[in-house]
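If you read the sequences in order, they're chains A and B. Take 1 as the starting number for the first sequence in our numbering and just add one per residue. Take 1001 as the starting number for the second sequence in our numbering and just add one per residue.
Errors might be hidden in some of the hints.
[What the hints assert, rightly or not] In silico lysine to any residue, SDA-like type, Cα no more than 25 Å apart, as pairs:
{"no.": "1", "chain 1": "B", "residue 1": "Lys1080", "chain 2": "A", "residue 2": "Ala48"}
{"no.": "2", "chain 1": "A", "residue 1": "Lys47", "chain 2": "B", "residue 2": "Asn1081"}
{"no.": "3", "chain 1": "B", "residue 1": "Lys1080", "chain 2": "A", "residue 2": "Asn181"}
{"no.": "4", "chain 1": "B", "residue 1": "Lys1080", "chain 2": "A", "residue 2": "Ala194"}
{"no.": "5", "chain 1": "B", "residue 1": "Lys1084", "chain 2": "A", "residue 2": "Phe42"}
{"no.": "6", "chain 1": "B", "residue 1": "Lys1087", "chain 2": "A", "residue 2": "Tyr52"}
{"no.": "7", "chain 1": "B", "residue 1": "Lys1082", "chain 2": "A", "residue 2": "Ala194"}
{"no.": "8", "chain 1": "B", "residue 1": "Lys1084", "chain 2": "A", "residue 2": "Ile207"}
{"no.": "9", "chain 1": "B", "residue 1": "Lys1154", "chain 2": "B", "residue 2": "Lys1084"}
{"no.": "10", "chain 1": "B", "residue 1": "Lys1082", "chain 2": "A", "residue 2": "His267"}
{"no.": "11", "chain 1": "A", "residue 1": "Lys372", "chain 2": "A", "residue 2": "Pro302"}
{"no.": "12", "chain 1": "A", "residue 1": "Lys308", "chain 2": "A", "residue 2": "His267"}
{"no.": "13", "chain 1": "B", "residue 1": "Lys1083", "chain 2": "A", "residue 2": "Ser324"}
{"no.": "14", "chain 1": "B", "residue 1": "Lys1084", "chain 2": "A", "residue 2": "Ser205"}
{"no.": "15", "chain 1": "B", "residue 1": "Lys1082", "chain 2": "A", "residue 2": "Tyr191"}
{"no.": "16", "chain 1": "A", "residue 1": "Lys20", "chain 2": "B", "residue 2": "Asn1085"}
{"no.": "17", "chain 1": "A", "residue 1": "Lys43", "chain 2": "B", "residue 2": "Asn1085"}
{"no.": "18", "chain 1": "A", "residue 1": "Lys376", "chain 2": "A", "residue 2": "Ser324"}
{"no.": "19", "chain 1": "B", "residue 1": "Lys1082", "chain 2": "A", "residue 2": "Lys308"}
{"no.": "20", "chain 1": "B", "residue 1": "Lys1087", "chain 2": "A", "residue 2": "Glu56"}
{"no.": "21", "chain 1": "A", "residue 1": "Lys43", "chain 2": "B", "residue 2": "Asn1237"}
{"no.": "22", "chain 1": "B", "residue 1": "Lys1084", "chain 2": "A", "residue 2": "Asn203"}
{"no.": "23", "chain 1": "B", "residue 1": "Lys1084", "chain 2": "A", "residue 2": "Tyr191"}
{"no.": "24", "chain 1": "A", "residue 1": "Lys186", "chain 2": "A", "residue 2": "Arg246"}
{"no.": "25", "chain 1": "B", "residue 1": "Lys1082", "chain 2": "A", "residue 2": "Ala44"}
{"no.": "26", "chain 1": "B", "residue 1": "Lys1184", "chain 2": "A", "residue 2": "Pro204"}
[Said to hold, decoys possible] Just a few of them, taken from the derived set where beta-carbon distance is under 7 Å, the chain B residues facing chain A:
{"no.": "27", "residue": "Asp1034"}
{"no.": "28", "residue": "Thr1049"}
{"no.": "29", "residue": "His1051"}
{"no.": "30", "residue": "Trp1060"}
{"no.": "31", "residue": "Ser1063"}
{"no.": "32", "residue": "Leu1262"}
It is worth saying that the hints were derived from the structure and are not from the lab. By construction, the Cβ of each residue, glycine as well, lies at the ideal position given by its N, Cα and C atoms.
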Amino acid sequence: MKISFLEGSRAIAQTVANIKPEVVSAYPITPQTHIVEDLARFKAEGKADYEYLLAESEAAAASIVLGASAAGARVYTATSSQGLLLMLEVLYNASGLRLPLVMTVANRAVGAPINIWNDHSDAMAMRDAGWVMLFAENHQEAVDLHVIAYRLAESTNLPVAVNVDGFILTHSHENVIVPDNKTIKKFLPDYRPAAGTFLDPQNPSTIGGFFTPEHFWLERQRLDTDLKKSLPLISNLYKQWKKILRTPTPSKINFDNGLVEYCGPSHPETLIIAMGSMAGTIKETIRDNKNVGLLKIRSFRPFPDLRKFTSTCKRIAVIEKAMSSGASGPLFAEVGSSLSNYKGVISDNIVGLGGRDVSLQTIKHIIKSSGKAGVKFW
Amino acid sequence: MNTSHNNLTPGHNACAGCGQLSAAQSVMRALDNDTILVSATGCLEVTTTAHPQSAWRLPWMHSLFENSAAVGSGIKAALKNKKKNTKVVIQAGDGATYDIGIGFLSGLFERGDDVVYICYDTEAYSNTGIQASGSTPAGAKTTTTPGGANEIKKDMLAIALAHGVKYVAQSTAAFPDDITAKVKKALQVEGPAYIQILSPCIPGWKIQTNEAIKAARLAVATASYPLLEYTNGRLNNSSIKDSFRAQKVEDYLQLQGRFSHLSRKQIANIQSQADKNIKIYKL
Ligand SMILES: Cc1ncc(C[n+]2csc(CCOP(=O)(O)OP(=O)(O)O)c2C)c(N)n1
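Generate coordinates for the entire structure from the input sequences, incorporating the hints supplied.
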């Protein structure tokens, strides 16, 4: 398949169009706009068969695709920042109703102060909503994760958010392979929800009824169990897909199970843990470093087991683009709770808030200071 | 009247004598099996779907309090893409319609999606304990207007008409055949249709369990809540005059505990509003 030099948003929009959703609805917000403008244009040019509904808010866009999904359609929406927060009530609803929505989040800071640039504050606001949350490092990964997201969502009835760093991925150009519909079909069958699970006059069902305490907790427990159970599935789907769409990897990857990727020496002294596009910057920084490795988290929800990567390292430096104000970064909290027996030094490094540049220099400083525990802002 | 359908079955746990459930029965009689229902959070949803039970024989869904218009749009879009003509009927309370969901409803009207939107107007947030909504009429006592509401009832019919909605109608729970006929007409219209049904709430209006229909009839008879119908923006004569016998609003107000505190002057004000209705609608 051919390599194209594309804007990230274009690559995502083209991939989504090739996945052939039946209903698309969105509301514009920077930096998500290019994706939904492309999808509207494909439709206007007669290149796509989906219904494209203009929504009057993100809460409406999410509700429209939620309704369409409940009626058995494959759906798509995208948002960022303030828009994601306006959707939040619907996002909890989608997972609670077990509707397989797929959404791109072009990650952006959340105001005030108002700011349009990238960080992960928006994604972290939906951390507990019961969605699968995947993070892309580059354009190719963004493309791949969208295809995987649909297969995952539609086979588990879990909604999936694909996070792509705003501007850094959405507005930059890179070489990327966009799979055509024929290739996607080898991996992603048409969506045919099981009888009785969607709104169907042939098979009437009641969706979204009123749950008393004796039933409610069981439903939420099931959601948690199913999210955790999807870990091996995400891993398998990733491997399956990468066999279908082989793409060149820009740097040497030592381990990749789809959920996490490891880059670096086999026994690093310092292990960096990070998500999203800054993984590229970190890889570049540590390329010739014999002591430092990078563990990139691709699946933040469900959160994978990290223990086998941390058994020998002396220091762990979490680098993340969000802050749970008054405590620590959310990724740090996650790493800490999943490595409760870890004896080394763990530090939390908050970077890139509101688009603040994360340079090679920043990463070098973080590595140098990784012997000191605690939360640090860079 | 076609009574062969039983789309909303007995066994729900609404209050005895509930006006909304009664109105909903009349709506259901207009629907065939090829219909999908959406409900907003509120009394109708809570009293009919206590999991694992459901009173609905049609495919039915509830998402949130404010978003049922958008959910309905999404369902209709999915059906359109699948080339199915299944009808979509949205049911919401006045709180969901007049207040928290008005933006979603406006979006639906603007998109022109082919769905029927029914507002069961109890003139308060019944489900959460009778707090005031944008539909609560002036003077009515609610738990958040203990001294009586100050605000004028919002004119939702005018708002729907201003969006160019081709079928806009109003009825009350006391006129089952009128409701059923209007829903059937609404289903014929291409694009959105809006029907608002006054649905007396036993605890909210402080009336006896056998008085919901009486109250809903008096609302019409006193020109407080006339039976109205607009097609393509024009007021029809059809359903207005039939059941109208000019009675004083006092007969309507006296029945209800929520108005028991009104002064002579307040009652006169309400009467003058009814008189205006008689003029405007040529009752
Ligand atoms: C966002 C949100 N705010 C508030 C509520 C609480 N709530 C649930 S139902 C309801 C009132 C419903 O009133 P109405 O729409 O008039 O319907 P009714 O119960 O009177 O039939 C409220 C305030 C909610 N569920 N969601």
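To see whether the hints hold, each was checked on the structure:
no. : hint                    : in the structure
1   : B/Lys1080 <-> A/Ala48   : holds, 15 Å
2   : A/Lys47 <-> B/Asn1081   : holds, 15 Å
3   : B/Lys1080 <-> A/Asn181  : holds, 22 Å
4   : B/Lys1080 <-> A/Ala194  : holds, 20 Å
5   : B/Lys1084 <-> A/Phe42   : holds, 24 Å
6   : B/Lys1087 <-> A/Tyr52   : holds, 20 Å
7   : B/Lys1082 <-> A/Ala194  : holds, 16 Å
8   : B/Lys1084 <-> A/Ile207  : holds, 20 Å
9   : B/Lys1154 <-> B/Lys1084 : violated, 36 Å
10  : B/Lys1082 <-> A/His267  : violated, 55 Å
11  : A/Lys372 <-> A/Pro302   : violated, 29 Å
12  : A/Lys308 <-> A/His267   : holds, 11 Å
13  : B/Lys1083 <-> A/Ser324  : violated, 47 Å
14  : B/Lys1084 <-> A/Ser205  : holds, 18 Å
15  : B/Lys1082 <-> A/Tyr191  : holds, 12 Å
16  : A/Lys20 <-> B/Asn1085   : holds, 22 Å
17  : A/Lys43 <-> B/Asn1085   : holds, 22 Å
18  : A/Lys376 <-> A/Ser324   : holds, 13 Å
19  : B/Lys1082 <-> A/Lys308  : violated, 48 Å
20  : B/Lys1087 <-> A/Glu56   : holds, 23 Å
21  : A/Lys43 <-> B/Asn1237   : violated, 43 Å
22  : B/Lys1084 <-> A/Asn203  : holds, 15 Å
23  : B/Lys1084 <-> A/Tyr191  : holds, 17 Å
24  : A/Lys186 <-> A/Arg246   : holds, 14 Å
25  : B/Lys1082 <-> A/Ala44   : holds, 19 Å
26  : B/Lys1184 <-> A/Pro204  : holds, 21 Å
27  : Asp1034                 : holds, 5 Å
28  : Thr1049                 : holds, 3 Å
29  : His1051                 : holds, 4 Å
30  : Trp1060                 : holds, 5 Å
31  : Ser1063                 : holds, 5 Å
32  : Leu1262                 : violated, 36 Å
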